[in-house]
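The sequence shown begins at 34 in our numbering and counts up by one.
Some clues are possibly wrong.
[To be verified] Taking lysine-lysine pairs in the BS3-like style, the calculated list, with each CA pair at most 25 angstroms apart, reads: (1) 132 to 181; (2) 102 to 181; (3) 132 to 170; (4) 152 to 132; (5) 198 to 132; (6) 198 to 102; (7) 152 to 170; (8) 102 to 88; (9) 170 to 181; (10) 132 to 88; (11) 88 to 198; (12) 152 to 102; (13) 181 to 152; (14) 198 to 181.
Since the hints were made in silico from the structure, they are not lab data.
Because the structure is a prediction, the values reported are computed rather than measured.
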Amino acid sequence: MYPSPHPTSSDRRHRARGFTLIEILLVIAVIAILASITFGVSQGIQGAQNRARAKSELAVLAQSIEQFKLRLGDFPWTRGSEVPEQVLLQALLGWKEFKRTGGTTTMEDLDRVPDAGPKGFIDTAQFLVSSADDPSKELSADNTTQPKGLVFIDPWGNPYVYEYKDTDRWENFGYVLYSTGPDGLHIPVDDSGVVTQDNRLLDENLDNIYPGE
């Protein structure tokens, strides 16, 4: 007895189930591919937005630092165990001043603080500000309380790096300011304060972002 050339209803049901399973697997594969593409594109867009924001914030910081020098005669600088990034924030909010005694110049807290708070050099509303030691710390809304332990934060959640005259061997005529970029890693400049090409080409510094770039 020869098999029937026409598929039985049972054959059609089995084939229908088989094709349906294949189609489902194909749909899942397509969805996975599209999701990975979308994720990659969104990550790229987010990265570009973060870099643009960091460049904008660095420009504002650099301008504010220059205004500080214009009024007080030099850029904010530190000595000893002070954290430069914390001093920078205090200085740009107007809480620091230079004191000259004989031939010695030091940067100190304000002697007299106006009731309305000191006159600052920057609008902190556009910046993220945080403390590594105590995340609950915040700036006072009216700048009547001196900030302690707070620093300016870049779009990746890391402090903007600032250095100026923090060693006796400082040779740079200016300051050093940058974001450590997406990886949050960096190797600081040496005691001279000079940002050399060799330093910038270190693996940890390749994605650093500097003002004006």
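Of the numbered hints stated previously, which ones are contradicted by the structure, given in increasing order?
When the structure is compared with the hints, numbers 3, 10 turn out to be violated.
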